[in-house]
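Chemist: Here is how the chains run, residue by residue.
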Amino acid sequence: MSRKVIVLGEVRNGELRNISFEGIAAAKTVAEGGEVTAVLMGESVRGLAPQMIHYGADRAVIVEDPKLAAYTPDGFSQALLAVIDQVKPEAIIFGHTALGKDLSPKMASKLGAGLISDAVAIEAEGDNIIFTRPIYSGKAFEKKIITDGVLMASIRPNNIPPLEKDVSREGGIFAVSADINDLRTVVREVAEKAVQDVDLSEAKVIVSGGRGVKSAEGFKPLMELADVLGGAVGASRGACDAEYCDYSLQIGQTGKVVTPDLYIACGISGAIQHLAGMSNSKVVVAINKDPEANIFKVADYGIVGDLFEVVPMLVRELKALLIKA
Amino acid sequence: MNIYVLLKRTFDTEEKIVISGGEINSDGAEFIINPYDEYGVEEAIQIRDSQGGEVTVVSVGSGDAEKQLRTALAMGADKAVLINIEDDLEIGDEFTTAKILAEFLEDKEADLIFAGNVAIDGGSGQVGPRVADLLGIPYVTTITKIEIEGRDVNMIRDVEGSSETIEASLPLLVTAQQGLNEPRYPSLPGIMKAKKKPLEELEIDDLDLDEDDAAAKTKTIDIYLPRNKEGGRILEGEPQDQVKELINLLHSEAKVI
Chain A
10 MSRKVIVLGE VRNGELRNIS FEGIAAAKTV AEGGEVTAVL MGESVRGLAP QMIHYGADRA
70 VIVEDPKLAA YTPDGFSQAL LAVIDQVKPE AIIFGHTALG KDLSPKMASK LGAGLISDAV
130 AIEAEGDNII FTRPIYSGKA FEKKIITDGV LMASIRPNNI PPLEKDVSRE GGIFAVSADI
190 NDLRTVVREV AEKAVQDVDL SEAKVIVSGG RGVKSAEGFK PLMELADVLG GAVGASRGAC
250 DAEYCDYSLQ IGQTGKVVTP DLYIACGISG AIQHLAGMSN SKVVVAINKD PEANIFKVAD
310 YGIVGDLFEV VPMLVRELKA LLIKA
Chain B
28 MNIYVLLKRT FDTEEKIVIS GGEINSDGAE FIINPYDEYG VEEAIQIRDS QGGEVTVVSV
88 GSGDAEKQLR TALAMGADKA VLINIEDDLE IGDEFTTAKI LAEFLEDKEA DLIFAGNVAI
148 DGGSGQVGPR VADLLGIPYV TTITKIEIEG RDVNMIRDVE GSSETIEASL PLLVTAQQGL
208 NEPRYPSLPG IMKAKKKPLE ELEIDDLDLD EDDAAAKTKT IDIYLPRNKE GGRILEGEPQ
268 DQVKELINLL HSEAKVI
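Going down the list, the sequences are from chains A and B.
Using this note's numbering, the first residue of the first sequence is number 10, and each one after it goes up by one.
Using this note's numbering, the first residue of the second sequence is number 28, and each one after it goes up by one.
Certain hints may be false.
[Unchecked claim] Here are the simulated DSS-like pairs of lysine-lysine, each with C-alpha atoms no more than 30 Å apart in a straight line:
(1) A:Lys229 - B:Lys271
(2) B:Lys271 - A:Lys328
(3) B:Lys43 - A:Lys298
(4) A:Lys291 - B:Lys282
(5) B:Lys282 - A:Lys174
(6) A:Lys298 - B:Lys172
(7) B:Lys246 - A:Lys291
(8) B:Lys256 - A:Lys298
(9) B:Lys246 - A:Lys97
(10) B:Lys246 - A:Lys223
(11) A:Lys213 - B:Lys256
(12) A:Lys306 - B:Lys43
[Unchecked claim] Not the full set, but computed from the structure, chain B residues with beta-carbon under 8 Å of chain A:
(13) Ile46
(14) Phe58
(15) Leu161
(16) Gly188
(17) Ile193
(18) Tyr251
(19) Pro266
Simulated from the structure, these hints should not be mistaken for laboratory data.
Cβ atoms here follow ideal geometry from the backbone N, Cα and C, with glycine treated the same way.
Modelling step: build the complete structure from the supplied sequences, incorporating the hints.
Modeler: This is the structure in structure tokens:
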């Protein structure tokens with residue numbers, strides 16, 4: 010059963026986020042041969058539209074307006090409704106990102122539709138599209154279908170691989186104009202408090218520290234390791250509660266749930282709440298002094314030892330290898 | 028100020044998940060106020076204490092949620108409302124819960140509504156924004172700070188590691204993010220007082236809502252546990268050798284670096 014699908018691309022610092030391309034791959038599965046329209050909204054996004062086509066969208070629709078320079082639920086929902094009105098999609102795909110989490114429930118409400126949030130896999134089976142999503146922060150999974158109305162879903166970053174980029178792909182780029190007014194929330198200022206360039210939810214590698222890191226200073230070797238691996242630094246609740254780092258780095262049942270390719274847990278005992286947030290990572294490495302620590306039960310590879318000895322050693326070895334390569 | 032807090036009863040974060048008969052088994056499990064909703068309760072109480080007004084906590088669910096509502100009353104909320112859907116709706120989803128809450132809230136003239144940014148069980152984070160949309164009021168999600176002056180509201184919002192300063196006006200719905208505050212424990216006098224505070228129990232019939240209009244738009248067809256990880260491999264030898272072996276394994280066996 011083919012469906013007309015729209016997928017919302019996301020722009021950060023003038024570039025398309027990877028989730029945009031993952032969204033196209035998801036939309037293709039849902040479309041079952043139907044037309045996939047990529048949507049980009051912002052002050053100036055036309056230049057980015059061809060990339061959406063290179064990654065598999067059949068065409069792109071852009072909505073450009075100075076009022077869309079910063080994301081607001083009112084502005085973006087008005088713009089997206091204008092697109093929906095023209096395209097009349099049967100399914101809509103969002104990223105389960107800060108933007109997608111904020112916007113998708115509003116859109117679902119506007120359309121009186123069901124929404125499946127935080128999908129990690131999508132398959133077409135008979136007349137149904139089956140979405141898999143974690144519940145209880147990854148302690149269990151559910152398979153879900155939409156039974157009525159427009160199919161809406163938000164997909165978790167890093168789980169649905171994008172299609173191969175093909176720069177020879179062509180498709181139309183259309184502008185839709187929207188009447189955007191009466192924005193009831195205003196963004197006054199954006200402060201980049203993140204000390205790192207790589208966002209936790211999108212990071213392929215996460216180096217995470219717990220109480221065993223002992224101080225804010227103690228996170229430095231972890232940051233170096235994350236740097237060498239092009240990853241991000243995370244933390245357990247214990248480390249955040251002890252004020253070694255900001256709560257925005259917390260991974261666990263409260264905090265962020267992450268699924269990187271590689272998760273390196275340093276000085277983390279492995280409380281069940283923390284495991285819920287990271288145990289679905291593809292490969293887990295645990296470094297801990299205590300051989301009985303719970304974290305070793307979910308680790309693929311474990312080193313029983315002092316993280317302050319092991320982590321700097323890892324950094325040196327990796328750097329040496331990088332130089333050789 | 029007329030403040031409402033949307034509150035969900037959830038499994039304690041300590042609980043392991045057991046599935047029997049295709050459903051999550053809750054026998055013997057401990058339940059708590061969803062931690063993100065608890066931040067909402069705390070913030071609502073603080074705002075009321077500094078600005079006056081009333082805090083009402085509302086939960087949609089089964090009769091068991093009374094315990095969590097009493098806890099919120101013991102923390103300092105003034106009134107509680109339990110919308111008991113046990114007998115009327117077989118299975119709801121976020122659409123259902125939002126419809127019921129919006130129907131209940133429609134004539135309450137709430138100035139400020141708190142919700143958690145996500146519940147730690149279902150984890151979809153839809154209900155807050157959906158309720159705001161149905162009520163026709165603006166919302167701001169994942170806030171870590173809120174200041175109210177007259178009808179003006181200034182907030183800080185956590186956005187994937189950066190923070191946005193947002194301005195809006197009442198009426199408004201906000202969803203709480205970790206870092207907003209440190210929720211208090213109920214005091215003994217608080218617990219005693221809570222027993223006498225009003226807790227109203229409603230059913231769908233008490234709302235101006237047809238069950239069919241709140242019927243779920245989604246359906247769960249399977250629930251399962253993640254596959255158990257085999258016990259990992261503990262590396263041996265001198266630290267230097269372990270580190271070398273680890274890098275080797277990550278590169279050639281796991282192929283992640």
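Chemist: Indicate, hint by hint, whether the structure satisfies it.
Modeler: Here is how each hint holds up against the structure:
| no. | hint | result |
| --- | --- | --- |
| 1 | A:Lys229 - B:Lys271 | holds (21 Å) |
| 2 | B:Lys271 - A:Lys328 | holds (12 Å) |
| 3 | B:Lys43 - A:Lys298 | holds (26 Å) |
| 4 | A:Lys291 - B:Lys282 | holds (10 Å) |
| 5 | B:Lys282 - A:Lys174 | holds (22 Å) |
| 6 | A:Lys298 - B:Lys172 | violated (38 Å) |
| 7 | B:Lys246 - A:Lys291 | holds (28 Å) |
| 8 | B:Lys256 - A:Lys298 | holds (21 Å) |
| 9 | B:Lys246 - A:Lys97 | holds (24 Å) |
| 10 | B:Lys246 - A:Lys223 | violated (46 Å) |
| 11 | A:Lys213 - B:Lys256 | holds (20 Å) |
| 12 | A:Lys306 - B:Lys43 | holds (15 Å) |
| 13 | Ile46 | holds (7 Å) |
| 14 | Phe58 | violated (13 Å) |
| 15 | Leu161 | holds (6 Å) |
| 16 | Gly188 | holds (3 Å) |
| 17 | Ile193 | holds (5 Å) |
| 18 | Tyr251 | holds (6 Å) |
| 19 | Pro266 | holds (5 Å) |
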